[in-house]
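*Asks:* Taken in order, these protein sequences are the chains called A and B. The opening residue of the first sequence carries number 10 in the numbering used here; numbering runs sequentially from there. The opening residue of the second sequence carries number 696 in the numbering used here; numbering runs sequentially from there.
Read the hints as simulated data drawn from the structure, not as lab findings. Wrong hints could be hidden among the right ones.
Under 10 Å between C-beta atoms, here's a sample of chain B residues computed to sit facing chain A [to be verified]: (1) Ile718; (2) Ser782; (3) Leu789; (4) Met807; (5) Gly815; (6) Glu839; (7) Leu840; (8) Glu846; (9) Phe847.
Just so it is clear, CB atoms sit at the ideal spot from N, CA and C, and this is done for glycine as well.
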Amino acid sequence: MNVTAIVINAVAIFSFLIAFLKDREKAKKSLKIAGKSFIRMLPMVFIIIIIIGLLLGFVPPEEISKFIGDQSGIVGVLIIGVAGALMHIPALLAFPLGASLLESGASVTAVAAFITTLTMIGMVTLPLEIKELGKRMALLRNGISFVIAIIIALIMGAIL
Amino acid sequence: MKNQLKQKDERKAKKGMVRDLIILGIILAVMVVLLIEFPDKREPVIDTSWDFFLEMIMILPAVMVLLGLFAVFVPNETVVRYLGKTSGLKGIFLAILLGALPTGPLYVAFPMAAVLLKKGARISNIIIFLSAWACIKIPQEMVELQFLGIEFMVMRLILTVIFVVIMGFIIEWIMKLDDEKGGVKNAV
Numbered sequence: 010m011n012v013t014a015i016v017i018n019a020v021a022i023f024s025f026l027i028a029f030l031k032d033r034e035k036a037k038k039s040l041k042i043a044g045k046s047f048i049r050m051l052p053m054v055f056i057i058i059i060i061i062g063l064l065l066g067f068v069p070p071e072e073i074s075k076f077i078g079d080q081s082g083i084v085g086v087l088i089i090g091v092a093g094a095l096m097h098i099p100a101l102l103a104f105p106l107g108a109s110l111l112e113s114g115a116s117v118t119a120v121a122a123f124i125t126t127l128t129m130i131g132m133v134t135l136p137l138e139i140k141e142l143g144k145r146m147a148l149l150r151n152g153i154s155f156v157i158a159i160i161i162a163l164i165m166g167a168i169l
Numbered sequence: 696m697k698n699q700l701k702q703k704d705e706r707k708a709k710k711g712m713v714r715d716l717i718i719l720g721i722i723l724a725v726m727v728v729l730l731i732e733f734p735d736k737r738e739p740v741i742d743t744s745w746d747f748f749l750e751m752i753m754i755l756p757a758v759m760v761l762l763g764l765f766a767v768f769v770p771n772e773t774v775v776r777y778l779g780k781t782s783g784l785k786g787i788f789l790a791i792l793l794g795a796l797p798t799g800p801l802y803v804a805f806p807m808a809a810v811l812l813k814k815g816a817r818i819s820n821i822i823i824f825l826s827a828w829a830c831i832k833i834p835q836e837m838v839e840l841q842f843l844g845i846e847f848m849v850m851r852l853i854l855t856v857i858f859v860v861i862m863g864f865i866i867e868w869i870m871k872l873d874d875e876k877g878g879v880k881n882a883v
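Pulled out of the complex, with its shape left as it was, chain A reads as follows (with noise of 0.2 Å):
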C-alpha cells in the first residue's frame, strides 16, 4: 500500500468518525450511498483494468507514442482531446486510464489534454445542458473549455 492510498483512507476513515458523532443516522446514509456507488461503478472498474491490460500487453509502447508520445505533436493531442471529449467514463475512472496511457509512451501533454478534457466536456450531457442552461451558454462552455484544456495540457507538457 503507498501512500497515497494511506492517506486516502485516513482522511476517508477520520471524516466518518466525526460525521458518524454529529449526526449517526446521517452519516449511516451517506455510508448506504457510497456502497451503492461503488457496486454501481464495479462493471466500470473491470472494464477499464482489462482495457488498460490488453493495451499495455498487445499494444507496443512505439505505436502509441507515434501517435500521443512527445514526437506527435500537436495533431497527437488534439486527437486524445477530441476522444476525451467524446467519451463517457466516470472522471475517477480517467486517471488510471491515464497512468496507463503515460506507462505506455505517451507524453504528459497527451496524458493531460485526454483527462481534462474528459472531465469538462460533456458530449453526451451537452443536450441536456443545452436544455438548462441555452444553446449560447453551453456552446461556449465546452468550446471554449475545449480550448483551455489544449492550453493546460501544453504548458503541462513544457514544464513537467
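Assemble the complex: chain A is given as a structure, and chain B must be docked to it using the hints.
*Replies:* Leaving out everything else, chain B in the frame of chain A:
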C-alpha cells in the same frame, strides 16, 4: 414529486448498470479470445490488469465514502443558497469550493446552475462553478494523486483553476456583448 424523481433516477442507474455489464461481457470475451490466441501475452496482460485493480481497490472504497459523506452533509440546496448571493473575489473562491465539494455527475449541476442564473448569480461564477464541479472535485484529485503523482496533480489543479476563472470571465463578456447586440429579442 421528489419520490418520483428518485425512482426515475434509480431506473436510469439500473439501465446504466445493465449497459455496463453488457460491455463488460463483450470486453471479457475479447480478452479471453485474445489470450487464448496469444498465450505468451497472458502473463503481461493479467499482471498489468491485476496491478491496476489492486491500486484502485485500495482507494475506491475510501473515495466512495467521502463522496457519500459530501452527498449527505452538503446538500445541493445549501450550495445554491450560498452561491446565489456572493460576488467578487469571494464569489470566485466560493464557486470553486462549492463546485469541488458536493457530488454527482455533471448533469446534476446543470439544473442547479439554471436556478442560480434565474436568481441573478453572475455568469462567470456559474461557469466557474460548473467547471469546478466537472474537474476540480476533491475525491477526483485524490485519485489523480494516486495514479499520476503529486507533481502532475498539483500542476494540473493550479492551471485548471487559473484557466477556468479566465474562461468564466470570457464567457460572461461574450454573453453580455451578445445581449447588448441582441437587445429585446434575447432578453426574453
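*Asks:* Give a verdict on every hint.
*Replies:* Going through the hints against the structure:
1. Ile718: holds (6 Å)
2. Ser782: violated (19 Å)
3. Leu789: This hint is violated: leucine 789 of chain B lies away from chain A, its Cβ roughly 19 Å from the closest one there, beyond 10 Å.
4. Met807: Status holds, d = 9 Å.
5. Gly815: This hint is violated: glycine 815 of chain B lies away from chain A, its Cβ roughly 15 Å from the closest one there, beyond 10 Å.
6. Glu839: The hint holds - glutamate 839 of chain B has a Cβ within 10 Å of chain A, the shortest such distance being about 5 Å.
7. Leu840: holds (5 Å)
8. Glu846: Glutamate 846 of chain B check passes; min Cβ-Cβ to chain A is 6 Å, inside 10 Å.
9. Phe847: holds (7 Å)
Of the hints listed earlier, those the structure fails to meet are numbers 2, 3 and 5, in rising order.
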